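Engineer: Letter by letter, the chains look like this.
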Amino acid sequence: MELAFTPEERAFQADVRAWIDEAYTPDLRAKMAMSKTGYLDREGQITWQKRLHARGFIAPNWPEKYGGPGLTPTQKYILHMELSAAGTPSVVPMGVSMVAPVIMAFGNEAQKAQHLPPILSSDIWWCQGYSEPGAGSDLASLQMSAVRDGDEYVLNGSKIWTTLAQHADWIFCLVRTSREGKPQEGISFLVFPMDLPGISVRPLPTLDGPMEGEQEINQVFFEDVRVPIEASLIGEENKGWTYAKYLLQFERGNAYAPGLRNMLSKVRKIASREQIGDVPLIQDADFSRKLAEMEMRIEALNATELRIFSALSAGEAVGPESSMVKCAGSEAQQAITELALEAVGQAGHVFVRDSWAHLREGANADLPMPEYAVPVAPSYFNYRKTSIYAGSNEIQRNIMAKMVLGL
Amino acid sequence: MDFNFTEEQSMIRDSLARLIREQYDFETRRSVVESDAGWRPEMWAQFAELGLLMAPFSEEDGGLGGGAIDAMVVMEEFGKGLVVEPFVPSVVCGGGFLKHAGSVAQKEEYLAGIMSGEQIFAFAWAEPKGRYNYADLETTARKDGAGFVLNGHKAVVIGAPWASHFVVTARTAGDRRDRAGVSAFIVAKDAAGVTTRDYPTVDGRRASEVYFENVALSSEHLIGEVDGALSLVERVGDEATAALCAEACGAMGVAHAQTVEYSRTRKQFGVPIGKFQVLQHRMVDMFMEHEQSISMTYMATLKLDEPEIERKKAVSAAKVRIGQAGRLVGQQAVQIHGGMGMTEELAVGHYFKRITMVDSEFGNVDYHLKRYTDLCAAEMAVAAE
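Sequence lines, in order, name chains X and F.
Note that the first sequence covers residues 2 to 408 in the numbering used here.
Note that the second sequence covers residues 9 to 393 in the numbering used here.
Okay, chain F solo, but in the shape it has when bound (with noise of 0.2 Å):
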């Protein structure tokens, strides 16, 4: 048992670190998002040449042999600096599709600029009306000969703006929310038939709502399983979530640390407002909350590759416990920082922006729970027969 990181994952966390501190700072955040761009090409280019886009691949596929740690090690970084660059869109569920389930014709073909970061992904599976069953699909591909006719909109696609391709969840078979006959497909943004409606949220990060209309596609663009990649689609969806809570984690620690700096140097009735005992313990119940959330994250991520039971409850514990800090630590933060915590200027604002959004990702505390109190049920049915 070890919860040591090795001295790769060392080095990526303080080049990373250190290229975040040096080129992200505040400032020039806020007004790349406010920029007509919404993010920097530049950057992405940057991380590439950092080898983060490859570290957590193998190097069969030509990564760096890391994996699902060294994702969590970018994404807590990423956290830190609310950086908005679409790594867990791209690396981690593009890559992660590849990964498992990529033929080498389809590695060959998209791993490689996904790494290089000349191909960036999207992960189109949401839609208006799915909430967050990855089985609740009213998008279709119908069979079509040797194709498929991909017809349907999908939601609030983060990333999708700086896509250069999809991968999209479709029904192939079944009805509206059957586990089976859900595929999963590559889609090039470009393709005839698909068009983007993007928008900025409201953490600074750029979306879109997509729409296929007729788009034909070959069994090359299939991904997984037909009809059966519902279980595929869930395990990247887990390796996403887990990711988002080491970027919520990050978040979390800075608008900790910067509450506590405010404390010491904020001054009423004389003294800084630290001492005053209610908001010591506060402060103290924040950092309990985030040190669990560190912990949770490392269990979720850990367990990643376990038989499916465990590896969803271990992520869904995780995004529960992390949605339930992310709340006390953001308004928290934002109620000690007074006025001040309310404006745009500071940055603690746009933390507890980012850390609240978090939650309704890949599942909120709700979504997790229901799902983690069905595997207790179902584990309790078998042991009992």
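Isolated chain X (complex conformation) (with noise of 0.2 Å):
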């Protein structure tokens, strides 16, 4: 057992660390500290995105033939962790790691080459359209159809919670094609655009209280949009619950602790600047008993992340783990807002609908509160997300009790 990094891999650090510096500006490391989702906006998110990809780091994990950079694991994971530990904002995770592996996978050469390089140059956004109103844990029910005629396939139904929707200009959808045998049995996997006659986005503004545009999810509707199946069908018709399956393991698997951190971080500035009688809450008592036990959960998630990835760089095969640290490492994300609502204290209070208001030019930069507390709340409500999005906690457990313990 060794827990130091190489010299090449410390090198290797420091140089992302460099990087990061200088790349990433304070004019994004300042809408970034007021964001109340962990993105920025569509311009914001594309600058950062597109900076990544000319250093050749917004895709770790794609093969080198299709422009990954191809590190080593452990140069994936400082990647990660540096990016993470800085703050910086998340790779819209949609083209780049979730429709882009399955492309890879079971896409046609058209495909491939029409796909994937404006999703690593971040020209073309994608959206995912997964879940529907009445299919959310039980995926495998959804409903929105795709019926042939002709070379075409026509869709009706609806897709919900599909995130950051209205920026998108590509969407995957798992549609039903077939009503036969087993639900998973009937289900295809299409790409396709979103400005097609017959698709209508309805933002659905979350508890954070969203700016106008800048909503998180959303609720799309299609009614009769007819796209071509040569293009738009990914592999086989029906057998996209396979393709969904594979398209998890890269929904999850990142680590949690190196963010964790960096959130729990600012909880501590937070509470270094606000008073509690004579001394900065930082030093009293029970709050710093409070840091001290989230510092502890976030430690002990760290070294399990670290445990999972020496066994994946053995080559051993890592399976139900990735549901442990979805469920660790969401829960201690929603334990962190709430230790940082806690610390804002009546501060909290004040509702701003445009966080980015007071940092554009010429604006009044006159709050009512610290700076710090403008996005504490909303956060905190935001954040209520993360146990329930990508399989909830609870679906998590039961992938566990069945894949982990048997039952």
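If you are wondering where the hints come from, they were derived from the structure by calculation, not from laboratory data.
None of these values were measured; they are calculated from a predicted model.
C-beta: ideal position from N, C-alpha, C; glycine also.
Accuracy of the hints is not assured; some may be wrong.
Said to hold, decoys possible - Label pairs and their computed distance ranges (CB to CB):
1) G346/F / G407/X: 15 to 23 Å
2) I277/X / D144/F: 27 to 35 Å
3) G346/F / E9/X: 53 to 61 Å
4) M388/F / A366/X: 26 to 34 Å
5) E9/X / S226/F: 26 to 34 Å
6) S124/F / M2/X: 22 to 30 Å
7) H350/X / E387/F: 45 to 53 Å
8) G201/F / V280/X: 35 to 43 Å
Two chains, each in its own frame: build the complex with the hints.
Structural biologist: In structure tokens, the structure reads:
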């Protein structure tokens, strides 16, 4: 057993840090500090992702033949750790980490050539059409239909919880192409543009109180939308469930601990500015105890993630452990947003719909509360999502009960 | 970065696991812990024969060249088997003092005996009023010419009934809780003025109250610096804590596995109770707590040779998380076993007891949380300067 990185790995880490220092510019940092959701606006997000792309860091997991950087497992881990520790915006995952691996594995050559380059360069924004109003945790019961008509499918139905669909150029969808056999057997995986006639996007503002046009999730409606089968269908008809499950392993899997440390460091900063009696809150016995317990929770998860990573690097298969990391990681994220809400005290009451307004040039920067308090309550409300999305934590526990405990 | 065990470590694990499986089954253990002796010296001899007692010592010291990770491997298996023999008191604590601070003569006199199993050490640091503070000492060693005179009362000295020697902490200077003025001594149990009152512990081990009345010691009994042994005591204490964490992980793993197995066979309302989602999720939570306890134990163990603050934080973090995990795993293991979990006939309750008692050894959750927050505050103060 050995904790240390090799000299080469430390050199890579230093490179990554130096690059982040330069590329993650003050304007992006200021915006990110006021983000309610962990994302920037469309422009900021694309700016950041294009910088990552220019340095070869946008898609560390892609094979080199599709433009991946060819990093070792440890280098990938270091890259992710440093990006998270610096609090950089998450890369919108629907293109790079979700649809791209499916296209690589199951798409035809034309589809690969058409889609992979603009995903890598962030020129095409993707959204994910999985959940439906009647199909959440029980995803296989989805109903959106695709009916063959000549060389086209005609699509009808709706998708929900569609992240940042208002920005998306393309969507990948699970649709029902057959109602025979088991529900899993009649599902197909389609990709098509969002600007086709018959597609409409309805914002679903969440509890964080998003500003106009910046809602995180949406409902998308499809009314007699016609798409060409040849270009739209990934792999084989009615095999979509297999591809969807394949995708899931990319949806989860990154380490939570580095990002959690960054979140907790923000709480520490808040707690050193807030006063309680004559001392900063961070010196208060009760609050510092909570901070310490949170830090230990993060370190426990970190050590677990390192163990999993080490097993992965040694070539072992990792399965249901990702469910454990998802549960522990998402619940820790929520607990930290809760600590932050506690830390800001009454200042957390003030609602600022446009949390970026005071940053714009010539804006009135006079806020009725400390700036650090602006995104705190919205984030707390927003982060309730983490135990619900990507397979609710109850579903994750079901998976572990079955796969790990054999129940 | 690498979390894999060496071949030697895997071998230790496998051969120890086999030995425990073959000679340390639950019924045998029950009858042993209820016997007058409360342990099996012949088991200790077998552990020595397997090389366990010399595994964590350098080849220079006559050991097998291992370290804290080897001790961790041993203690996880001890936890799985609820082994009562005193590996932590003798090898980790006694051996730890000698390894870090023993003179050539002391190593010759004691370390070889610890490794062969012929000498057994116990660590007499706790006192009735000291709680978990190593420096809160009423025991004194008054300087007397070139030697010392030891007086005091040490509480709940684990393994003392089986020990040949003690490492005893005592105040040689300063006031009751001062960091300076603490010294450590090796004291033979049969030295004049040493008396013990032996008793069983609730989790099946043996311990003693140890009394020292005008015990005459020479400077050869001193281990570490006179008046300046606290850092050494803390270091050995941390190593013992990490080893206990490993023991708790082993015990938690078995308690959890037995619970899952029980839920598969116990039927109510016509189905195995393991089919109930509420119990499934609870057992998953136990699984996650256990896994993270293992991770924290690895971390703490790997950081035992880091600078003091980093070492202490890692050990405290592990002890806190394992204390919390132990509560959940132990209590729910009994709960899911229902009435059967309450009986002495089933092993699970015995695991519950051991897991529970680990928390109050070498500092409980509250103590280590406080130590951790104090260290964070100290770090911040340094950073601010």
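Engineer: Any hints this thing doesn't respect? Which numbers, in order?
Structural biologist: 5, 7, 8
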